[in-house]
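S.K.: Residues per chain, in single letters:
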Amino acid sequence: MLLRRLLGWLDDRVGGARFGSKALEKVFPNHWTFLLGEIALYCFIILVLTGTYLTFFFEPSSREVVYDGDYAPLRGVEMSAAYASSLDISFEVRAGLVMRQMHHWAALLFVAAMSVHLMRVFFTGAFRRPRELNWIVGLTLLVLGIGNGFFGYSLLDDLLSGTGVRVAYASALAIPLVGPDVAFAVFGGEFPADSIIPRFYTLHILILPAIIALLVGVHLALVWRQRHTQYPGGLRREDNVVGIRAWPGFAMKAAGLMFVTAAVVAALGGLAQINPIWAYGPFRSTEAVAAVTSASQPDWYMGWIDGALRLFPGWETRVGGYMIPNPFFPGVLLPTIAFGVLYLWPWIESRYRKDREPHNLLERPRDAPLRTAIGAAGLAGFTVLFFAASNDVIAGAFELEPESVTNVFRVAFFVLPALTFFITRAVCRDLQRSGEQPGRGLPHVRLVRRGERVEAEPASEPESLDDAEEHELAPTTKEP
Amino acid sequence: MTPDDGDEPVPSDSGATAVRPHLPPSNRDKVTAAVFLVAAAAGIALLVVYVAGGDAQAEGALLAVILGGIGIGLVRWSHAMVGPEPAIEERPPLESEASRRREFITTLEESSRPVSRRRLLLGSLTAAGAALVAALLLPLRSLGPSPGRALFRTAWRDGRRMVTAGGDAVAAADLRVGNVLTVFPEGVEHVEDAATLLIRVGPDELELPEERMEWAPEGLVAYSKICTHVGCPVGLYRESTHELICPCHQSTFDVLRGAEPVFGPATRPLPQLPIGIDDEGYVVALGDFPEPTGPGFWNWGS
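So the protein sequences, as listed, match chains A and B. If you count the first sequence from 1, position 239 lands on 238 in numbering that gives the first Met the number 0, and the numbers rise without skipping. If you count the second sequence from 1, position 74 lands on 73 in numbering that gives the first Met the number 0, and the numbers rise without skipping.
Since the hints were derived computationally from the structure, they do not count as laboratory data. Bear in mind that the values here come from a model prediction, so they are computed numbers and not experimental data. The beta-carbon is built from N, C-alpha and C at its ideal position, and this holds for glycine as well. One should not assume that every hint holds.
[To be verified] Okay, the calculated bits of chain A under chain B, using three or more residues with CB under 8 Å as the criterion:
#, stretch
1, 256 to 263
2, 394 to 405
[Claimed, not checked] Heads up, incomplete: computed chain A residues facing chain B, CB under 7 Å, no partners named:
#, residue
3, Val92
4, Ala94
5, Leu172
6, Pro175
7, Val181
8, Gly188
9, Val241
10, Ile243
11, Ala245
12, Gly268
13, Leu308
14, Arg309
15, Phe311
16, Glu315
17, Tyr321
18, Asn325
Isolated chain A, as found in the complex (with noise of 0.2 Å):
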């Protein structure tokens, strides 16, 4: 009744009651991983609502003050303002902890989430005609995602977090020819200026949110104006959608998502401790430089730059009296290159295999073996940078030389990713020419229903591979 008079008086002064009909009856592609993109919008939305928390209560400022709240330990030292604010939420503001802990998990999972989301785009083709403007807007989310995590993880002001500003620093010096003026601009002068953690936090809280709430509103309205993609299979076809309805199907289905994203979080935010800055203590640059002794390492999304910086060998080029220093190779041309292939990448697959056709339908990863393989030697790439990030811990656990672990990792960005392409190719071609039998064709084995792994004949008789007794292997093809 009351939803009805609601709704008339709405309809008699914007209309709309057309869009809406449309829009109950919409059908969404039901598939357990268009749920990764769902999961990166969900963290956002947490993000939001816990940090708007977190805003109250942190100032931002690199004032000097003395320590006097109810952290013992650190009663009467001297720490800027950031940290002893971050110090109160923890300790004194209620459920201030459990809400700073979230924030961080949240931010981890909000760009975890992100990268899973674009590797599923990229590995079954959703990025082609007619969706490459969605390619760029997705990506950008990432890059600002990151960014926005490290400015972070920079505002609390304490040892750790000081360590990758200076990093960050000396990439930004790295810049040839305006290196010096772009790294005295962004971070207010020669580190560690005063301004940089005001201006992080303006970036923090206000520029990127917005920016990123923006593209996140363009992202959605170009997945609803073009229609979200689908496997092949079944009754799907390029010219229809199945799937369920928006409503109240589908809406359900992702509240209850939304809902069970944020008590991940929320469990995560109480149960399992992450970057407890009182233990690190503050980050003031003379004393840091007496202090940083210990083993550094940043959030999850910056090790693979930190891996590169580790790994890169000491070169610089010099010319006269000027030079490119060396962490600008590993750590602003490596993410240069790496995220302009992205960017590019839709334009450089249609160019090589001169497809110029709209798709709907998605591609499984062994249909498109090149790119699968390219895919899969860029993440072994990555996987082998992210682990040399560790290579101190490593050679510490192991009792190795660092000089020797780090050897090993420079040899493997090389080697992995090689093996990589050529095994993944291999294996998506068996894939191709088995059908829905993985491994047909090679020495291989299969799995039986019971769970037993039993090493197979290569299969000479092709027609025991439709026996009951098999476990199917190829769940993408399946009917929802």
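Fit chain B to the given chain A structure using the hints.
M.R.: Structure of chain B alone, referenced to chain A:
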């Protein structure tokens, strides 16, 4: 996955008196309702924890139960909303009909002609726009000082004493062989780029270039503490091999041979500070570092 019995659409045009009949709950619905009620109970428990003074673990766990209960309940409920048959929708082509597109482009071109033909107005507007951009860009300079020579200099001057972070002057006798100390120029203990490591080694172990031997009196040698790679403080001294190691990226420097890099990504040695010992036995600088400290930049050597 079956839709609830009796979930036919209620006739919508039966007038304002139509009342939606309530469905008798199925067993599945009863479980879903129980999940929602667990969430409600956890909410009350969270209130109690909050009032009682709070506890991070309990807060997080209870919040997870509330959110998870609502979430799982909604997903369960949504399953009951989806029929066994998939919904199918046509996917009309995205692009407009060719005639539509032509019409739009033609209209745009024709209606823009009065704009594009007025060369004078367009030119002067462009000039005004450029002036506006220039005027708005200029204040960006206020974001930071001009680098000038700031990256080339530190606060070390001839005759300036070395002090610890706490401000105590360092006497040559304070350090035994194998000792290492972080020191700053007296009076400016908070300046990052001047942070220096003072190390004492056996005087005959040092293999410095000829002209720099007198910068290291009595085996006391001073190097910049800021790594020449990305500027982390070089914090580890491995006395057995006389190596300084940066904890960030494992650049390793040979203390006996002018802090030349022997491993890792750093390419340049840690700059050596010329030092001496004054009449009272305190360690003093004999000038600034001969080259910029810290990470490189493009005009480093100019």
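S.K.: Against this structure, judge whether each hint is valid.
M.R.: Against the structure, the hints come out as follows:
1. 256 to 263: holds (count 8)
2. 394 to 405: Holds, because 3 residues of the stretch 394 to 405 of chain A bring their Cβ atoms closer than 8 Å to Cβ atoms of chain B.
3. Val92: 9 Å, violated
4. Ala94: 6 Å, holds
5. Leu172: 5 Å, holds
6. Pro175: 5 Å, holds
7. Val181: Since the shortest Cβ distance to chain B is 9 Å, the answer is violated.
8. Gly188: 5 Å, holds
9. Val241: 5 Å, holds
10. Ile243: Holds, about 5 Å.
11. Ala245: Interface hint status for Ala245 of chain A: violated (9 Å vs cutoff 7 Å).
12. Gly268: Because about 5 Å separates Gly268 of chain A from the closest Cβ in chain B, which is inside the 7 Å limit, the hint holds.
13. Leu308: 5 Å, holds
14. Arg309: 5 Å, holds
15. Phe311: Holds. Min distance 5 Å.
16. Glu315: OK, holds: Glu315 of chain A within 7 Å of chain B, min 4 Å.
17. Tyr321: Holds, about 6 Å.
18. Asn325: 5 Å, holds
Violated hints, listed in ascending order, are 3, 7 and 11; each of the other numbered hints is respected by the structure.
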